[in-house]
Amino acid sequence: MIFDATVAGRSYRVEVKASDARYVVSIDGRPLTVDWHPTGGVFASLIIDGQSQEVGVARGSGGYAVVLDDASLLVELAAGAAGAGSLAKKGSAGPAKVTAPMPGKIVRLLAEPGQLVAAGQGLVVMEAMKMENELPAPHAGRIKAIEVREGQAVETGALLVVME
Amino acid sequence: MIFDATVAGRSYRVEVKASDARYVVSIDGRPLTVDWHPTGGVFASLIIDGQSQEVGVARGSGGYAVVLDDASLLVELAAGAAGAGSLAKKGSAGPAKVTAPMPGKIVRLLAEPGQLVAAGQGLVVMEAMKMENELPAPHAGRIKAIEVREGQAVETGALLVVME
Amino acid sequence: MVESRFRKILIANRGEIAVRIIRACRELGLGTVAVYSEADRSAPHVALADEAYPVGPPPSRDSYLRQDRIIEVARRSGAQAIHPGYGFLAENAGFARACEEAGIVFIGPRSETIALMGEKTSARRLAVKAGVPIVPGTLEPLGDPSRIRSEALRIGFPLMLKAAAGGGGKGLRLVATAEELESAAARARSEAKSAFGDDSIYLEKAIERPRHIEIQVLADQHGNAVHLFERECSIQRRHQKVIEESPSPVVTPELRERMGSLAVALVQTAGYVNAGTLEFLVDADLNPYFLEMNTRLQVEHPVTEMVTGEDLVKLQIRIAQGEKLPFAQADLRQRGHAIECRVYAEDPDRGFLPSPGRIIALRLPGGPGIRDDSAVYEGYEVPIHYDPLISKLVAHGHDRNDALARMRRAVSEYKVLGIKTTIPFFARVLRHPDFLRGDFDTSFVEMALAETTGQADGRIEVALAAAAIRAFLDRRQAREPSAETPLLASGWRRRGWRETAGGRL
Amino acid sequence: MVESRFRKILIANRGEIAVRIIRACRELGLGTVAVYSEADRSAPHVALADEAYPVGPPPSRDSYLRQDRIIEVARRSGAQAIHPGYGFLAENAGFARACEEAGIVFIGPRSETIALMGEKTSARRLAVKAGVPIVPGTLEPLGDPSRIRSEALRIGFPLMLKAAAGGGGKGLRLVATAEELESAAARARSEAKSAFGDDSIYLEKAIERPRHIEIQVLADQHGNAVHLFERECSIQRRHQKVIEESPSPVVTPELRERMGSLAVALVQTAGYVNAGTLEFLVDADLNPYFLEMNTRLQVEHPVTEMVTGEDLVKLQIRIAQGEKLPFAQADLRQRGHAIECRVYAEDPDRGFLPSPGRIIALRLPGGPGIRDDSAVYEGYEVPIHYDPLISKLVAHGHDRNDALARMRRAVSEYKVLGIKTTIPFFARVLRHPDFLRGDFDTSFVEMALAETTGQADGRIEVALAAAAIRAFLDRRQAREPSAETPLLASGWRRRGWRETAGGRL
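Listed in order, the protein sequences are those of chains L, G, E and X.
Everything in the first sequence is counted per this note's numbering, starting at 1 for the first residue and increasing by one.
Everything in the second sequence is counted per this note's numbering, starting at 1 for the first residue and increasing by one.
Everything in the third sequence is counted per this note's numbering, starting at 1 for the first residue and increasing by one.
Everything in the fourth sequence is counted per this note's numbering, starting at 1 for the first residue and increasing by one.
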């Protein structure tokens, strides 16, 4: 099985084969022999060349969250095509969308449609867990639409503001 | 839903009805209003008349294991008929069977087919977790059959000895 | 001098502190009554208490701040006393008074003392009376802009603006120059107004590279008061503590003795009764300045419990029952070193943004010298309505290095999936050379975050392998569903078997 | 006098003690190498270590006792030292010698000392030489039945027969009268033969209502030795400890001082190096009699760690590195009271029958004064091949009552489903009036079990309601399968939602 994987901003091609009681995982062509054994729930013990690690792996929105000792990484996986160069690059063009980074309540709107804003300028104040957080404009530009109203409760990922 | 329940050697008729956000559980006709809320995995918080308890409930062989603070109980449940008196009594007649109370290894056989044994006399020695345990005859009588051999590994509930 | 044996206590709080207090009550043989909002029916404090009653909808003002309902639950359930924990009603003089009037013991100081210390300038005046040095500044609440300006010019810049009616970083402003004063004062007063309903502020000279060090005190109804040494609380984000330790790496025996004596003097001048904490700023020359007093249990109280061997919650309860302190100052000793990390449901990589949600998986640390005061379980949904603190992780060791080593070890064992937490942040701080040397002030977190980013590269490979194998198993399982239908509560078991089988193909 | 800094240590053990040692190494900054049998691939010690290597099939003799393979793993992985834990190879003089010959440090005493103390009659002779009182009996290993008979008549009845070549209750027989002697001796010798490959035994006069009290010692390679006070270990089942505490409720300051001095004298006479434990019987008149010495870490070492604040495993490692003890006798103090409950996978309602199997659900206790040294997780399969100890639960408090209250509280929080454990048994013992008074001897467990059976009636109702609601939900779920197909590792989540929905119908 082949995956196109992205982690910490870099992309990798990862292939997994089951082999006896092991897995052979090739990362950009470099093979690792992984002895994987479940250790309760989403946890697993991995032994690679004698080096032992326990990891928790859970599929969530946006990919697989992997928790290791002292660190937490998000791995995005897509079923890879057989050939190379098939990675769908993420579009960075088009109108910028500001989405809710957490569930919470919209406390205040700091901008309105048509307004010109500077990069980093606050657009929306959200509240969660007794804290108010200002969500900034990702770049300078004009506000195209505000998709929420003050007092509204929103989930993670909800569209808040569209910029031209 | 009606159940015939047995716990700690006594039998009860238990009826469960979902009612709003609660359950009404009638035990031998006496109703309890139970506020039940899952608290992770097999655990649940029960509030009955303001009294709070956290229990773990897991279906296993022989019934539902219920773990409360400081205690662990096995509740056997059978779907009850609508009328009373339909409890299937456990047969205590017929040939007695000695079964393995735990997984382990048969270390020694202490009796043989045809032999007369006294109540409590050791029949089989099993080993598990570095300990040897002697399994006694449930009552006096003649050994009808020995179903295992020395050195054999057995699971919980495996038939070891049949007595006449 | 109430002398009354409690049999049952209501805990007017939630989360880890409610769990902490229920445990103390249980160890004392006392019955416990929990209250909960509609968002907290599945919270651990509800499951752990002997009794539990709902008090309203999720927002705090409709539930945990509803004094009338809480007192009514105490009455109905027959609780003789209410422990407020911290936050919510813990420093609300009106609630303490309402308890007193209802004939229920409020486990805390008398309502007048709460009011006296709650108004920060009256606390400053009291400190002056008790001979305790305060940060130079004003002694009265100020509202008039011209008065604020003239006082500011007298004190000099940089200076701090603070809300007179309450603490906790609300309405706080650092003003570097006279030009910034007017607008900063306006914002500070507006924040104070919305947080405390009172827009008066006071001024304090800004201390350079300050350390935040506090003294724990205990005082009974018989006039006895002791201090339980210091806690170092300089590691803060958003003016809130994230790591605390005791002893402080900079406090000398002389300074400890001096700060302890000052704290006891203030407590006795105030006629204070209960556990309490005096917050000080300590400047680079080790001069202490009294900041404010918290008339309640502190989040970081376990640090003091670990080094002194005392149980502060049990002592609060015994004091409220009218008992005398069971020890004198000379009986108290610091033993070893303790450190606390506050595990918050926050994303340290995104400016400590809140991260409520469901905890998919949880591995708690254990073993020698580790104490975990948590209030979550696997499957628990951390609600959006309350403080993001999910656990206080505490390590105790022979000395500071030993305690830090144990904390590093415990942090590496602590695994949470489903929400972001401050755990990876602690892993970084606990390896930061300045922190290891004990060389830090209240600006440490911002500085350290800016320095240390990025993940160790060796982990990327392991994470890729782990995610890819999990995805491989998920997909194979989807294509080859087992004959067994996954109907019952034993869903986990099914999964375990499948994966094992998968690994053996 | 080896002076060598370790960088990596191999742990030749499994279960909670391997986890305990890995934690100590990690806190010291040392790399860790685990070994595991085929039955232990998913054991916590494997997941926790930095490196892990298989050493053979499930039976101990084919894996954890395979000296050759373990030393080979140490060589290959570059470990400078091997920590044996307890059990397995911990008191095997041959293994210690093999390590010495392979140039690997065995973290324990020299092989000669292990041999000297392992042969129980030579340990008795050494005690006599050091002026330490022993239980009256024989000083030489005996094999000849007529010699056994004549010695028995000299000592008088009742008396104990014990295997000379090893301890731990194997080959132990209490003989009440001369008539029983012959067959008892035959059985004891046969058991000794099969356990230790040596059928010689020795005789000890039986002490009436004995308490089992032991002294912890530490001795470095430079001739320094200290004791770390006593542990009370009288609560036993099958001659194995289940509850230990320190201080002992019966040991007076004078007796503590005396037993401690005797222990240090014996250690110094033996030229002993390492942590070690001297077991004593104490009779009703508080006379101590030396029984035997364990030349290794003890299961119950956390009790001593909690009251002294020292870390015995780290000290073992430092001693093995050639370091001097970092303290003298006068620096050591007992602070508060600690108690340990050994959580076994056993069914206390069926004579402590082993109960291996899968742990379906697990809730561990936490909070103040509680230490959990466990080696299990939710979903872990406790194997049938090894010792049933799954966790050491330890409570520390101000005094004995406080420690017992904390332990009762922790035991009530500790929930295990899927296997039977000794937890409900501890709940009963911790409420038994004789135990609370400290009035018990080594026969306590049998007596207490006979007395206290049956479940509190109030719980029956709750258990019935809980089981019935769960069955109701299971059946309803079976009839109305959700549209969502439960394919992935997030199975728990599905269940959580369903039940919540069910509860709201």
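Worth flagging that the hints you see were computed from the coordinates, not collected in a lab.
This structure is a prediction, so every number in the text was calculated from the model and none was measured.
Virtual Cβ for every residue (Gly too), placed ideally from N, Cα, C.
Incorrect hints may appear among the rest.
[Claimed, not checked] Heads up, simulated DSS-like pairs for lysine-lysine below, C-alpha to C-alpha not over 25 Å straight-line: (1) X:Lys205 to G:Lys105; (2) G:Lys130 to X:Lys170; (3) G:Lys97 to G:Lys144; (4) L:Lys105 to E:Lys129; (5) E:Lys170 to L:Lys130; (6) G:Lys130 to X:Lys324; (7) G:Lys105 to X:Lys324; (8) L:Lys130 to E:Lys241.
[To be verified] Footprint (simulated), chain X over chain E, 3 or more residues, beta carbon under 8 Å: (9) 18-25; (10) 73-80; (11) 93-99; (12) 110-120; (13) 226-236; (14) 356-368.
[Claimed, not checked] Covered stretches of chain X (chain E as the covering partner; in silico rule of three or more C-beta atoms under 8 Å from a C-beta of chain E): (15) 399-413; (16) 429-442.
Consistency of the hints with the structure:
For the hint linking Lys205 (chain X) to Lys105 (chain G), the alpha-carbon distance of about 37 Å lies beyond 25 Å, and the restraint is violated. Between the alpha carbons of Lys130 (chain G) and Lys170 (chain X) the distance comes to roughly 12 Å, so the proposed pair stays at or under 25 Å and holds. A distance of roughly 10 Å separates the Cα atoms of Lys97 (chain G) and Lys144 (chain G); the hinted pair therefore holds under the 25 Å criterion. For the proposed pair Lys105 (chain L) and Lys129 (chain E), the alpha carbon gap of about 46 Å is over 25 Å, so the pair is violated.
Restraint check for Lys170 (chain E) and Lys130 (chain L): the C-alpha separation of about 12 Å stays at or below 25 Å, so the hint holds. Between Lys130 (chain G) and Lys324 (chain X) the CA atoms are separated by roughly 38 Å; this puts the pair beyond 25 Å, and the hint is violated. Distance hint between Lys105 (chain G) and Lys324 (chain X) is unfulfilled; the C-alpha atoms sit about 48 Å from each other, more than 25 Å. Between Lys130 (chain L) and Lys241 (chain E) the alpha-carbon distance is near 15 Å, which keeps this suggested pair within the 25 Å criterion.
As drawn, the stretch 18-25 of chain E meets chain X at 4 residues by the rule of a beta-carbon pair under 8 Å; at three or more, the given contact holds. For the stretch 73-80 of chain E, the assignment as covered by chain X is violated, since 0 residues bring a beta-carbon within under 8 Å of that chain's beta-carbons and 3 are needed. Taking a C-beta to C-beta cut-off of 8 Å, the stretch 93-99 of chain E contributes 0 residues in contact with chain X, too few for the three needed, and the coverage statement is violated. A count of 0 residues in the stretch 110-120 of chain E with a Cβ less than 8 Å from any Cβ of chain X is obtained; the coverage claim is therefore unmet, three being the minimum.
Beta-carbon proximity to chain X at under 8 Å applies to 0 residues in the stretch 226-236 of chain E; the threshold of 3 is not reached and the given coverage is violated. Coverage of a stretch by a chain is defined here by at least three residues with a beta carbon nearer than 8 Å to that chain's beta carbons; for the stretch 356-368 of chain E and chain X the count is 7, and the condition holds. Three residues within the 8 Å Cβ limit are the bar, and the stretch 399-413 of chain X against chain E gives 7, so the coverage statement holds. Given as covered by chain E, the stretch 429-442 of chain X fails the check, having 0 residues with a CB less than 8 Å from a CB of that chain where 3 are the minimum.
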